[in-house]
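All chains should be modelled from the sequences, with the hints used to inform the complete structure.
Chain residues, written in single-letter form:
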Amino acid sequence: QQQVKQSPQSLIVQKGGISIINCAYENTAFDYFPWYQQFPGKGPALLIAIRPDVSEKKEGRFTISFNKSAKQFSLHIMDSQPGDSATYFCAAAYHMDSNYQLIWGAGTKLIIKP
Amino acid sequence: SQTIHQWPATLVQPVGSPLSLECTVEGTSNPNLYWYRQAAGRGLQLLFYSVGIGQISSEVPQNLSASRPQDRQFILSSKKLLLSDSGFYLCAWCRGDEQYFGPGTRLTVT
Numbered sequence: 002q003q004q005v006k007q008s009p010q011s012l013i014v015q016k017g018g019i020s021i022i023n024c025a026y027e028n029t030a031f032d033y034f035p036w037y038q039q040f041p042g043k044g045p046a047l048l049i050a051i052r053p054d055v056s057e058k059k060e061g062r063f064t065i066s067f068n069k070s071a072k073q074f075s076l077h078i079m080d081s082q083p084g085d086s087a088t089y090f091c092a093a094a095y096h097m098d099s100n101y102q103l104i105w106g107a108g109t110k111l112i113i114k115p
Numbered sequence: 009s010q011t012i013h014q015w016p017a018t019l020v021q022p023v024g025s026p027l028s029l030e031c032t033v034e035g036t037s038n039p040n041l042y043w044y045r046q047a048a049g050r051g052l053q054l055l056f057y058s059v060g061i062g063q064i065s066s067e068v069p070q071n072l073s074a075s076r077p078q079d080r081q082f083i084l085s086s087k088k089l090l091l092s093d094s095g096f097y098l099c100a101w102c103r104g105d106e107q108y109f110g111p112g113t114r115l116t117v118t
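So the protein lines, in turn, are chains A and B. The numbering of the first sequence is our numbering, which starts it at 2 and goes up by one. The numbering of the second sequence is our numbering, which starts it at 9 and goes up by one.
Derived from the structure by calculation, the hints contain no laboratory data. For every residue, glycine included, the Cβ atom is placed at its ideal position computed from N, Cα and C. Treat the hints loosely; a few may be bogus.
What the hints assert, rightly or not - Chain B residues, not near chain A, derived (Cβ > 10 Å throughout):
1. LEU19
2. PRO22
3. SER37
4. ASN40
5. ARG50
6. LEU52
7. ILE61
8. GLN78
9. SER94
10. LEU98
11. GLU106
12. GLN107
Stated by the list, open to error - Below, computed lysine to any residue pairings styled on SDA-like, alpha-carbon distance capped at 20 Å:
13. A/LYS43 to B/THR18
14. A/LYS43 to B/ARG50
15. A/LYS43 to B/GLN70
16. A/LYS110 to B/ASP93
17. A/LYS6 to B/GLY51
18. A/LYS43 to B/GLN10
19. A/LYS43 to B/SER25
20. A/LYS58 to B/ARG45
21. A/LYS43 to B/GLN14
22. A/LYS110 to B/SER86
This is how it looks when you write it as structure tokens:
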């Protein structure tokens, strides 16, 4: 299965709180899992990514947790700030011939309340 | 450093009119290039990808087409636009496993 299921669809978090977005996949051939952040009217920007041989990756306030056996991964945003308000997409990559493709989650609209 | 450009930034076209959106990448050679469409408030739909000049793979059958006349140029076209073609069109390029997006073109078909 090529789907990546993302939840929740929308999320409201108080400033300073932890934002958590979850994704699940079926295809064990996926070997790269990025998260993208998109502000209205802009293209998505790569935020952080992880490979399946690592269980956690942290960059500043952003952490990816990866559970290979459960085929799930999540994005944690610590000390969430109003500037983090955006739509977040998870994705999973697989390689085919000389190309690779990203399978995208449906997105989570995150609102951080001041 | 690498930069990706898209133009126009916004476009309003009547139904049945032709379309040409352009994407160019600077600072890299022989990149994999992608066209995505994003409907309002929705996720990304891969339309086409290209691994080299003249090599186009289509993911979704529709009235759109793509061409890659030069190494760092990717063009999205249509002969006759439909209302359903409205959306935010994004071009992207790849460095290893990392995919980077352009600023997008907002297309409204009226």
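Hints, one by one, checked against the model:
1. LEU19: Non-interface label stands for B/LEU19: nearest chain A Cβ at 14 Å, farther than 10 Å.
2. PRO22: 23 Å, holds
3. SER37: 15 Å, holds
4. ASN40: At roughly 6 Å from the nearest Cβ of chain A, B/ASN40 sits no farther out than 10 Å, so the non-interface label is violated.
5. ARG50: 7 Å, violated
6. LEU52: 5 Å, violated
7. ILE61: Given that every Cβ of chain A is farther than 10 Å from that of B/ILE61, nearest at about 14 Å, it holds.
8. GLN78: 19 Å, holds
9. SER94: 15 Å, holds
10. LEU98: 5 Å, violated
11. GLU106: Since the minimum Cβ distance to chain A is about 6 Å, B/GLU106 lies within 10 Å and the statement is violated.
12. GLN107: Violated: least Cβ distance 6 Å, not greater than 10 Å.
13. A/LYS43 to B/THR18: 12 Å, holds
14. A/LYS43 to B/ARG50: Holds - the C-alpha atoms of B/ARG50 and A/LYS43 are around 14 Å apart, at most 20 Å.
15. A/LYS43 to B/GLN70: 25 Å, violated
16. A/LYS110 to B/ASP93: 24 Å, violated
17. A/LYS6 to B/GLY51: 11 Å, holds
18. A/LYS43 to B/GLN10: 18 Å, holds
19. A/LYS43 to B/SER25: 26 Å, violated
20. A/LYS58 to B/ARG45: Violated - the C-alpha atoms of B/ARG45 and A/LYS58 are around 30 Å apart, more than 20 Å.
21. A/LYS43 to B/GLN14: Given that 20 Å is the threshold and the Cα spacing comes to 12 Å, the pair holds.
22. A/LYS110 to B/SER86: 31 Å, violated
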